[in-house]
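Peer 1: Each protein sequence line maps, in turn, to chains S and C. Numbering-wise, the first sequence is residues 228 to 341 according to my numbering. Numbering-wise, the second sequence is residues 82 to 193 according to my numbering.
None of these hints come from the bench; they were simulated from the model. Do not take every clue at face value.
[To be verified] Short, incomplete list of chain S residues facing chain C, as computed with Cβ under 8 angstroms:
#, residue
1, V270
2, F272
3, E283
4, F318
5, Y328
[As the list claims (entries may be wrong)] Pairs of lysine-lysine, DSS-like flavour, derived with a Cα cap of 25 angstroms:
#, chain 1, residue 1, chain 2, residue 2
6, S, K284, C, K82
7, C, K82, S, K269
8, S, K305, S, K269
9, S, K269, S, K284
10, S, K310, S, K269
11, C, K180, C, K82
12, S, K269, C, K123
13, S, K310, C, K123
14, S, K305, C, K123
15, S, K284, S, K305
16, S, K269, C, K188
17, C, K149, S, K269
18, C, K149, C, K180
19, C, K123, C, K180
20, S, K310, S, K284
21, C, K123, C, K188
22, C, K82, C, K149
23, C, K180, S, K284
24, S, K269, C, K180
25, S, K305, C, K180
This structure is a prediction, so every number in the text was calculated from the model and none was measured. Just so it is clear, CB atoms sit at the ideal spot from N, CA and C, and this is done for glycine as well.
These are the residues of each chain, in order.
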Amino acid sequence: EPEVTQTPSHQVTQMGQEVILRCVPISNHLYFYWYRQILGQKVEFLVSFYNNEISEKSEIFDDQFSVERPDGSNFTLKIRSTKLEDSAMYFCASSEQGESYEQYFGPGTRLTVT
Amino acid sequence: KQEVTQIPAALSVPEGENLVLNCSFTDSAIYNLQWFRQDPGKGLTSLLLIQSSQREQTSGRLNASLDKSSGRSTLYIAASQPGDSATYLCAGFSGGYQKVTFGTGTKLQVIP
Numbered sequence: 228e229p230e231v232t233q234t235p236s237h238q239v240t241q242m243g244q245e246v247i248l249r250c251v252p253i254s255n256h257l258y259f260y261w262y263r264q265i266l267g268q269k270v271e272f273l274v275s276f277y278n279n280e281i282s283e284k285s286e287i288f289d290d291q292f293s294v295e296r297p298d299g300s301n302f303t304l305k306i307r308s309t310k311l312e313d314s315a316m317y318f319c320a321s322s323e324q325g326e327s328y329e330q331y332f333g334p335g336t337r338l339t340v341t
Numbered sequence: 082k083q084e085v086t087q088i089p090a091a092l093s094v095p096e097g098e099n100l101v102l103n104c105s106f107t108d109s110a111i112y113n114l115q116w117f118r119q120d121p122g123k124g125l126t127s128l129l130l131i132q133s134s135q136r137e138q139t140s141g142r143l144n145a146s147l148d149k150s151s152g153r154s155t156l157y158i159a160a161s162q163p164g165d166s167a168t169y170l171c172a173g174f175s176g177g178y179q180k181v182t183f184g185t186g187t188k189l190q191v192i193p
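Okay, chain S solo, but in the shape it has when bound (with noise of 0.2 angstroms):
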């Protein structure tokens, strides 16, 4: 059965660095979307990207984030200078087009900032 893929599983990472988050959607799949878990709070919704651009983002995605789809398969997260409060679990999901929505997740990228 096709599923997301994350990569990596653990990114541990300095404060003020650039970090790059992966994720392999689905492959008929046109909807993609990152989403974050701080521990022990609510996942929380990031940004959603279609035909190479974002189509909606929340408050929490500011100038430090951004998204890009560089070739046909890969989907990234880069946060360009990383706070110890972006420690969280990282989820990317994806969707096909058409009436159902349904989204499936991949197992998440945990990103520790020291």
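For this one, chain S is given, so just place chain C on it according to the hints.
Peer 2: Just chain C now, kept in the frame of chain S:
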């Protein structure tokens, strides 16, 4: 702004019992509602998606209902098993299809 609440926050039941998890949302202009399970330290596994035109969906021992007028969704688990132990999240999709608001989650423990 959509708010999604799940009650109870935690639930412990003996194996074999039928149970209901509740999800409430504030904005009835909801497109879809999706139920997930999350195992500790893991990603989210989609269980059921209910589209706004539907009232319920079933998959195996799971049945989810959606009542937009009352702002409620329920997830019914029949004949619970220890393997059902996980945190269950509901998520409401509104405001442009791609935006989703997650609930606070219900942590379920099924005791053998």
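Peer 1: When the structure is checked against the list of hints, which entries are broken? Sort them ascending.
Peer 2: none
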